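Asker: Residue numbers (the working numbering), protein chains in the order written: chain B, 1 to 263; chain R, 1001 to 1306.
Hints were generated in silico from the structure; no laboratory data involved.
Please read these numbers as outputs of a predicted model, since none were measured by experiment.
Hints should not be assumed to be uniformly reliable.
Below are the DSSO-like pairs computed for lysine-lysine, each with C-alpha atoms no more than 30 Å apart in a straight line [unchecked claim]:
{"hint": "1", "chain 1": "R", "residue 1": "Lys1212", "chain 2": "R", "residue 2": "Lys1117"}
{"hint": "2", "chain 1": "R", "residue 1": "Lys1210", "chain 2": "R", "residue 2": "Lys1117"}
{"hint": "3", "chain 1": "R", "residue 1": "Lys1008", "chain 2": "B", "residue 2": "Lys93"}
{"hint": "4", "chain 1": "R", "residue 1": "Lys1008", "chain 2": "B", "residue 2": "Lys107"}
{"hint": "5", "chain 1": "B", "residue 1": "Lys107", "chain 2": "B", "residue 2": "Lys181"}
{"hint": "6", "chain 1": "R", "residue 1": "Lys1008", "chain 2": "R", "residue 2": "Lys1119"}
{"hint": "7", "chain 1": "B", "residue 1": "Lys93", "chain 2": "B", "residue 2": "Lys107"}
{"hint": "8", "chain 1": "B", "residue 1": "Lys93", "chain 2": "B", "residue 2": "Lys154"}
{"hint": "9", "chain 1": "B", "residue 1": "Lys224", "chain 2": "R", "residue 2": "Lys1151"}
{"hint": "10", "chain 1": "R", "residue 1": "Lys1008", "chain 2": "B", "residue 2": "Lys154"}
{"hint": "11", "chain 1": "B", "residue 1": "Lys224", "chain 2": "B", "residue 2": "Lys93"}
{"hint": "12", "chain 1": "B", "residue 1": "Lys154", "chain 2": "B", "residue 2": "Lys181"}
Facing chain R, a subset of chain B residues (Cβ under 7 Å, in silico) [stated by the list, open to error]:
{"hint": "13", "residue": "Leu117"}
{"hint": "14", "residue": "Ile197"}
{"hint": "15", "residue": "Ala207"}
Which residues of chain B face chain R? A few of them, derived with a C-beta cut under 7 Å, are [stated by the list, open to error]:
{"hint": "16", "residue": "Leu68"}
{"hint": "17", "residue": "Val116"}
{"hint": "18", "residue": "Leu120"}
{"hint": "19", "residue": "Thr183"}
{"hint": "20", "residue": "Val241"}
{"hint": "21", "residue": "Val245"}
For each residue, glycine too, the CB sits at the ideal point set by N, CA and C.
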Amino acid sequence: MNRKLICGTAVLSLIILSAFMSPFFSTDALTVNIAERLLPPSSLHLFGTDSLGRDLFSRVIAGSRISLSIALLVCIISTAAGTAIGLLSRLGKNTDLILMRMCDGMKALPASLLAVLLILTLGGGRTGIVISLAVVNIPQTARLVRQRAVHIEKQTFVDVQRLMGYSELRILFTTVLRHVKSTLLIQSCFIFTSSIIAEAGLSFIGAGLEAGTPSWGNILREAKDVIYQAWWMIAFPAAFVFLTVLSLNLISDGLRERDSVKI
Amino acid sequence: MLRECIGKLLSAVLLLLIVSLIVYCIVSILPGERSHIIFGDGVGEESYALIDSEVPSYTQWLGRVLRLDFGVSSFASQSVSSLIAQRIPLSLTLAFFSLAFAFLFSSFITGMAVIRKRKSAVLIYETVSLISLSLPSFVISLLLILLFSVKLGLLPSGGFVHFSQNPAAFFTSLILPSLSLGFMHSGLFMRLLKSSLEREMQLSYITLAKAKGLRESAVVIIHAGVNVLNEILTLGFQSFISLFTSGAAVEYIFSLPGIGALTVSAIGRRDINTVTALVLIGAALSIAASTAADIITFSRTRKALG
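With the rest of the complex left out, here is chain B (with noise of 0.2 Å):
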């Protein structure tokens, strides 16, 4: 363990369980008061108040199990589809051609435009999102499984295997899988960063959850309207997305150096 990877599971941790501990000590994200609309940071209101007086604290928290759970979700399809897609790119020469086609064709695309096409095609909500980020990180995970695929299959242990006798099929998602699998813990960690970014980024232009769902980018996208009375509706939000990408951020440098892996 180096200490990258140390402050970066930390941090992230902490976030995590605030997440997951959130009904126990912070009151409803959704309740609005009119009446403490907008008050700076107190004893009662750790964060502040927004402009339809709900509680901030609440507010951030719930957020970030959202976009947690959303960026989690994301990563696992991604990460599984990419991998099968890779792995299954090496069974023959024309599948190959096609598949990794397809993936230079989706990669060429600009990725947030992607999402957004994708979203406004599918629908927003949280499984539009959930689907469309999925997509957008498809390609690059295929592609990299690819290349590592290509240098394992080289090896001699993989020659012996092809003479005892195992389907090709099997030595793909048995042997050349476990090789990978570094490559792939860090590559996962980097799109869970970057779902992180997109999904807030994508709230908060209004192509992502419902207006008054509390997520990261929801509240950013509020406080934008108020941000000369309202100093605290940006810092809380931006201060979580922030340590959040940087714990993740820290967490894939840490693993980098660790398995001395280039990207």
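Dock chain R against chain B, hints included.
Answerer: Same frame as chain B, but now just chain R:
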């Protein structure tokens, strides 16, 4: 030389076709009724006649796209291509300034870390690059507004003045947006610059340059710096395109009427035609940029090989 160039151009065209096929699939396999998607719920059949109810075939669609006919924007009742054309110059200017800032800023920080090799310089490099990779551009924008507009009152928090009206105000309105976009991109630049410079510093021509008695700064800037230019150029091309297409949130914050602000208003109106056009233009630009970078790198290495 010519042969390789033509080969690269052909594969770029093939890639463009694949891209268009993917986009066509996304747009034509819309779930739900087209009128609901374009006009929102609660709009009756009478509006349905206003739009093409039939989905065009791929060849028809491609033919229109190639003539830059992306249809009519659903609310502005203006053709999508003219709507986009009006907004391109501002976004290009913004992307240019951001890229320039990112390049200068990251070369300075990385240069200090590589040349000085002092603990403090390396620490600054590590911290700045991590922060830059961890702050999304719209968060930086909001924080910069808090600092420079709300607290200090130095720079405008939004609004846009046309260049012909007041050049000075035009540039001040672009300072904060370019800083936020540029800062976000400088993290990538720094990482790439440092790893390529350090790899280059291991090579024997650097040892020779040092043996000649050149100063460390001269060695890094003149010798190693020139040789990592290829990689920086490739990243620069890509960043330029991604700055151009991903500035939506920043343009929205600073109410700059560019491509990004158009994207945001298109989302609000569920205007699929406009977003489709932007996706296609973005993809075409990025393919063009990477092909150009490919060809430039290729000709440079050939020149180096003699």
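Asker: Now, for every hint given, state plainly whether the structure supports it.
Answerer: Structure-based check of each hint:
no. : hint                  : result
1   : R:Lys1212 / R:Lys1117 : 20 Å, holds
2   : R:Lys1210 / R:Lys1117 : 16 Å, holds
3   : R:Lys1008 / B:Lys93   : 21 Å, holds
4   : R:Lys1008 / B:Lys107  : 17 Å, holds
5   : B:Lys107 / B:Lys181   : 22 Å, holds
6   : R:Lys1008 / R:Lys1119 : 45 Å, violated
7   : B:Lys93 / B:Lys107    : 21 Å, holds
8   : B:Lys93 / B:Lys154    : 16 Å, holds
9   : B:Lys224 / R:Lys1151  : 15 Å, holds
10  : R:Lys1008 / B:Lys154  : 28 Å, holds
11  : B:Lys224 / B:Lys93    : 52 Å, violated
12  : B:Lys154 / B:Lys181   : 17 Å, holds
13  : Leu117                : 5 Å, holds
14  : Ile197                : 5 Å, holds
15  : Ala207                : 5 Å, holds
16  : Leu68                 : 16 Å, violated
17  : Val116                : 6 Å, holds
18  : Leu120                : 5 Å, holds
19  : Thr183                : 17 Å, violated
20  : Val241                : 6 Å, holds
21  : Val245                : 4 Å, holds
In summary, the numbered hints that this structure violates are 6, 11, 16 and 19.
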